[in-house]
Amino acid sequence: MRNLYKTLIDLCAGLILGGCAGVGLGGEHIRWKEEVKLSDGKVIQIQRHVELTESGFPTQKRGFDEYQEICYPPMNIHWKSKAGYKPDIFDIVDGKAYMHVPISDCSQCMLHSYPPTDALYFAWEGLQWKRITHAEFPNASVWNLLMQTKGGSTATDPQGLITITDKATGKWNDSGLRSEKERLGWKRVSESYAWKGSCDACRSRKVITDATPDIFLVGKDASSCQP
Numbered sequence: 544m545r546n547l548y549k550t551l552i553d554l555c556a557g558l559i560l561g562g563c564a565g566v567g568l569g570g571e572h573i574r575w576k577e578e579v580k581l582s583d584g585k586v587i588q589i590q591r592h593v594e595l596t597e598s599g600f601p602t603q604k605r606g607f608d609e610y611q612e613i614c615y616p617p618m619n620i621h622w623k624s625k626a627g628y629k630p631d632i633f634d635i636v637d638g639k640a641y642m643h644v645p646i647s648d649c650s651q652c653m654l655h656s657y658p659p660t661d662a663l664y665f666a667w668e669g670l671q672w673k674r675i676t677h678a679e680f681p682n683a684s685v686w687n688l689l690m691q692t693k694g695g696s697t698a699t700d701p702q703g704l705i706t707i708t709d710k711a712t713g714k715w716n717d718s719g720l721r722s723e724k725e726r727l728g729w730k731r732v733s734e735s736y737a738w739k740g741s742c743d744a745c746r747s748r749k750v751i752t753d754a755t756p757d758i759f760l761v762g763k764d765a766s767s768c769q770p
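In our numbering, the protein residues as written are 544 to 770.
No wet-lab data here; the hints were simulated from the structure. It should be emphasised that the depicted structure is a prediction, and the values quoted were computed from it without experimental measurement. Just so you know, nobody snuck in bad clues.
Here are the simulated BS3-like pairs of lysine-lysine, each with C-alpha atoms no more than 27 Å apart in a straight line: (1) K580 with K625; (2) K576 with K639; (3) K714 with K576; (4) K673 with K576.
Produce the entire structure from the sequences given, and follow the hints as far as they go.
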């Protein structure tokens, strides 16, 4: 009987260790620089950072997105949003910065009053982001940010400098979205098949969530931004 107990204990310990090995220690950080073409034709370079949770185990080996971060040091601009709020447009018009964020999750749609355009709009004012209306967002601003922010492994993550050419024809080109955009002529990701009409469709669904309308992470500094 004693030997049986020892065998069971050893087996449990092995499973625990094996599980820990699969989970891994600590979340991952994906960092890269990205060229962005503004609506006036100017090309700037931004810094991007995605932090992952410790693990997606057992449904996936890698962690889930923890937050999205975008930095533009020349204007001291810093964006740090919760997972699920991934911008598709960063633009600067008449010296003022803007961000466009498509949403399709029913809890997000509900929390933000079911926006008819399936998107949220922001302007950089007084060293912080302020939510604005669709009418206040520059009409000429079009999708210009990489949406493929995590690969199946670290080897396929965005890394180094992602150029305009890379995003158009290279390894990180969001090929599915780009092909649809060229075929249908939409300007923003929220107008694509996957997003358009999502919030309106959510109106008839019962949504239960512990989330809050807050989009930005409070108390997080801009340490990922470089001068």
